[in-house]
Structures are given as structure tokens and as C-alpha cells.
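Peer 1: Build out the structure end to end from the sequences listed, making use of the hints.
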Amino acid sequence: MNKKNFPYKGIITALLGLVFMFFGAYRGEADIVLSKAIRVCLECIGIG
Amino acid sequence: MDKNKKKKLYGDGFRHSVQALWGIATNSFITGFLKGRIYTGKLKYLCVPGLNCYSCPGALGSCPIGALQAVFGSGEHKIAFYVIGFLMFIGAVCGRFVCGWLCPFGLMQDLLHKIPFPKKIKDFKADRLLRYLKYIILALFVIILPMFALDEYGMSDPWFCKYICPAGTLEGGLPLAALNEGIRASIGWLYTYKLAILAVLIIASLIIYRPFCKYICPLGAIYSTFNKISVFKLRCDESKCVSCGKCARVCKMNVDPTRIPDSAECIRCGKCISECPTQALKFTAKNK
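Chains as they are written, first to last, in numbering that gives the first Met the number 0: chain Z, 0 to 47; chain U, 0 to 287.
Just so you know, these hints were derived from the structure itself, not from any lab. Honestly, I wouldn't trust all of these hints.
Derived CB-CB ranges, DEER-like [said to hold, decoys possible]:
{"id": "1", "chain 1": "Z", "residue 1": "I10", "chain 2": "U", "residue 2": "G181", "range": "44 to 52 Å"}
{"id": "2", "chain 1": "U", "residue 1": "K2", "chain 2": "Z", "residue 2": "I11", "range": "30 to 38 Å"}
{"id": "3", "chain 1": "U", "residue 1": "S242", "chain 2": "Z", "residue 2": "V18", "range": "41 to 49 Å"}
{"id": "4", "chain 1": "U", "residue 1": "K6", "chain 2": "Z", "residue 2": "I10", "range": "26 to 34 Å"}
{"id": "5", "chain 1": "Z", "residue 1": "L17", "chain 2": "U", "residue 2": "A24", "range": "39 to 47 Å"}
Rough simulated footprint, nothing fancy, chain U against chain Z, three-plus residues with beta-carbon under 8 Å [what the hints assert, rightly or not]:
{"id": "6", "segment": "4–10"}
{"id": "7", "segment": "14–28"}
All of these numbers come straight from a predicted model, not from anything done at the bench. Beta carbons are placed, not taken as given, at the ideal position from N, Cα and C, and that holds for glycine.
Peer 2: Below is the structure:
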């Protein structure tokens with residue numbers, strides 16, 4: 000694959016996404032996600 | 000790859016099998032279905048790429064749209080790096096391929112559209128305009144309201160999940176209400192309202208191909224912004240294309256892949272590739 004055809008933008012964005020993920024996990028966002036996901040989300044199922 | 004192989008690979012049968020297998024694999028907490036409760040293990044730290052309610056009794060992962068609102072509405076962080084990073088990663092790798100191949104709610108709409116109905120509508124006047132609605136829903140119900148409409152404790156509701164998402168009703172609300180007496184006893188106006196949204200969407204899916212994905216889904220809206228830069232993409236070899244128009248006619252998302260192969264509306268189902276008589280279309284990582 001020559002330089003012109005190499006998907007730089009996609010690869011850089013994907014790597015940036017991974018950096019964001021690790022940073023978010025580091026500052027505790029993954030715990031917020033887990034704590035929401037392991038309880039029945041009453042809003043999601045229409046109870047309120 | 001020869002033409003027959005492409006027909007098989009990008010035919011509906013194979014794609015629906017992948018969708019179904021993925022849906023089963025990510026919703027395989029059998030105990031949840033038997034006892035009317037949800038999975039509470041550590042796998043829920045991780046998001047699944049498609050729209051899959053984390054209150055589905057079988058769900059092993061978290062819904063990225065629900066997770067996004069949970070972080071925005073937690074009152075702790077204003078930017079959800081963890082979920083945004085996940086969506087950036089998936090979007091940058093494959094764009095809306097997730098919509099076409101890995102979303103259980105997409106599969107449901109695909110199957111509903113196969114049911115014979117007196118009138119199937121492929122295109123209509125407001126279609127183009129309505130496609131922008133999903134971006135408005137993303138901005139308003141997933142970002143702005145959960146971020147700024149806070150209660151006295153500085154927290155917010157998951158607005159999209161609460162007032163719009165029919166996936167939550169189908170995957171979480173219906174099975175949990177059927178299996179769990181406590182939840183059944185709590186049913187009120189919101190449940191009825193959300194059931195009505197689901198019913199409208201089911202009827203619309205019989206007539207229009209994937210109406211939720213085209214007009215409402217905020218997850219599709221996010222992934223669509225990555226279609227132009229994603230590593231895995233659709234490309235048309237202009238030297239092979241004979242401009243027969245078969246690809247555009249067969250596309251149920253109303254995309255012309257020879258004109259805009261990176262279209263934000265393309266869910267990368269590959270139907271156009273299977274129909275191309277000269278094999279001008281292909282999925283590739285190359286830019287040209």
C-alpha cells in the first residue's frame with residue numbers, strides 16, 4: 000500500500016480513541032458506566 | 000473473490016447470521032431470562048458497539064448511548080472520555096459497518112422489513128430532511144439535556160433512553176415486565192408511551208427499511224460521521240464501473256455508492272458489492 004492510499008486519518012483517530020478510553024477509565028468513568036449498567040435502568044425500560 | 004462468493008458473503012442470509020450470532024453472544028446471560036433479572040458482572044465495564052439495552056436480561060455489556068448519558072448525567076464529569084473514546088475507536092475502524100452487521104436492533108428492523116406488506120416505500124419527499132433528525136436527537140437528548148437539565152443533586156435523567164429509545168422497551172421493558180412481578184406492578188404511563196413508540200416503529204419498519212436507523216438512532220449518527228475517514232471502507236473502481244446503476248437501485252438506505260462511497264447513510268451491508276456485475280465495488284482499507 001503506497002503512502003497516498005494509507006488510511007492515516009482512520010488509524011490516528013482510532014489510536015486517539017484508545018487514548019481517550021484509557022484516560023476516561025483512569026479518571027473513573029468506567030465505574031460510572033458499570034454502576035449504571037448493573038442496576039435495572041428504570042428509565043430505559045419505561046418505569047421512570 | 001469471484002462473483003458467486005461475493006453474492007454469498009454479502010447476501011442477506013450470511014449477514015443476518017452474523018447479526019444473530021453477535022446478538023446471541025452479547026445477550027447470553029441465560030439466568031437473566033430465567034429469573035427476570037440482569038447481569039451484574041464486570042463485563043459491563045465494556046460497551047457493545049451496537050444499540051443494545053443494558054437492562055436486557057441477557058445483556059453482557061453496556062449500551063454505548065446509555066453509558067454516554069450515564070456519564071454526562073452523573074454530575075461528576077462533563078466530558079465522557081471513556082465512551083467517546085470507545086465510539087471514536089469503533090467508528091474510525093469501521094464506521095457504520097456496526098449498523099449493518101452488529102446491531103441487534105438493526106437485525107430486528109431488517110427482519111420486519113422482509114414481512115410482506117401491501118405497500119413498501121423506498122423513497123419519499125421528506126426522507127432526505129428526516130435523515131438530519133438523528134443528529135438533532137443526538138445533540139439534544141443524548142448530550143445537551145443529560146448535561147444541563149440537572150436535578151437538585153446535580154444529576155440528570157438519560158433523556159434518550161427514557162423518552163425515545165424503543166430498544167430499551169423491546170430488549171429490557173418487555174422481558175422484565177413479563178418475568179418480574181415487581182416491575183410489572185410498577186408499570187405506568189411512561190411504559191405505555193414507550194410501548195406506543197415501539198409499536199409505531201414496528202409498523203414503520205414493515206413499510207420503510209430501517210426507519211429507526213435512518214431517522215432516529217443517535218448511535219448511527221455518531222458512527223456516520225466516521226464513514227469518511229474509517230479504515231475499513233467502501234470503494235468504487237471507476238475503471239471497472241459501467242454505470243449500470245444496479246448498486247444504487249439495490250441499496251435500501253438510498254445511497255449511490257459509485258457517487259458517494261463514503262456516504263454517512265451507508266451501513267456497509269455490502270449488498271451493492273454482491274450486485275455489481277463488474278466487481279467495481281469492494282471493501283478495502285485503501286483510500287483510493
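Peer 1: Can the suggested window of 30 to 38 Å be confirmed for the beta-carbon pair K2/U and I11/Z?
Peer 2: Once the Cβ atoms are compared, 35 Å apart, the range 30 to 38 Å for I11/Z and K2/U holds.
Peer 1: Examine the segment 4–10 of chain Z: at least three residues should have C-beta closer than 8 Å to a C-beta of chain U.
Peer 2: Result for this restraint: holds, n = 6.
Peer 1: Count the residues of the segment 14–28 of chain Z whose Cβ falls closer than 8 Å to any Cβ of chain U, and tell me whether that reaches three.
Peer 2: holds (count 13)
Peer 1: Measuring from beta carbon to beta carbon, are L17/Z and A24/U in 39 to 47 Å?
Peer 2: Violated, since L17/Z and A24/U (Cβ atoms, about 23 Å apart) do not stay within the stated range.
Peer 1: Lying within 44 to 52 Å: is that true of the beta-carbon distance I10/Z to G181/U?
Peer 2: 48 Å, holds
Peer 1: Per the hint of 26 to 34 Å, is the separation of the Cβ atoms of K6/U and I10/Z within bounds?
Peer 2: For I10/Z against K6/U, whose Cβ atoms are near 31 Å apart, the range 26 to 34 Å holds.
Peer 1: Does the beta carbon distance between S242/U and V18/Z stay inside 41 to 49 Å, or does it fall outside?
Peer 2: 43 Å, holds
When the structure is compared with the earlier hints, a violation turns up for hint 5 alone.
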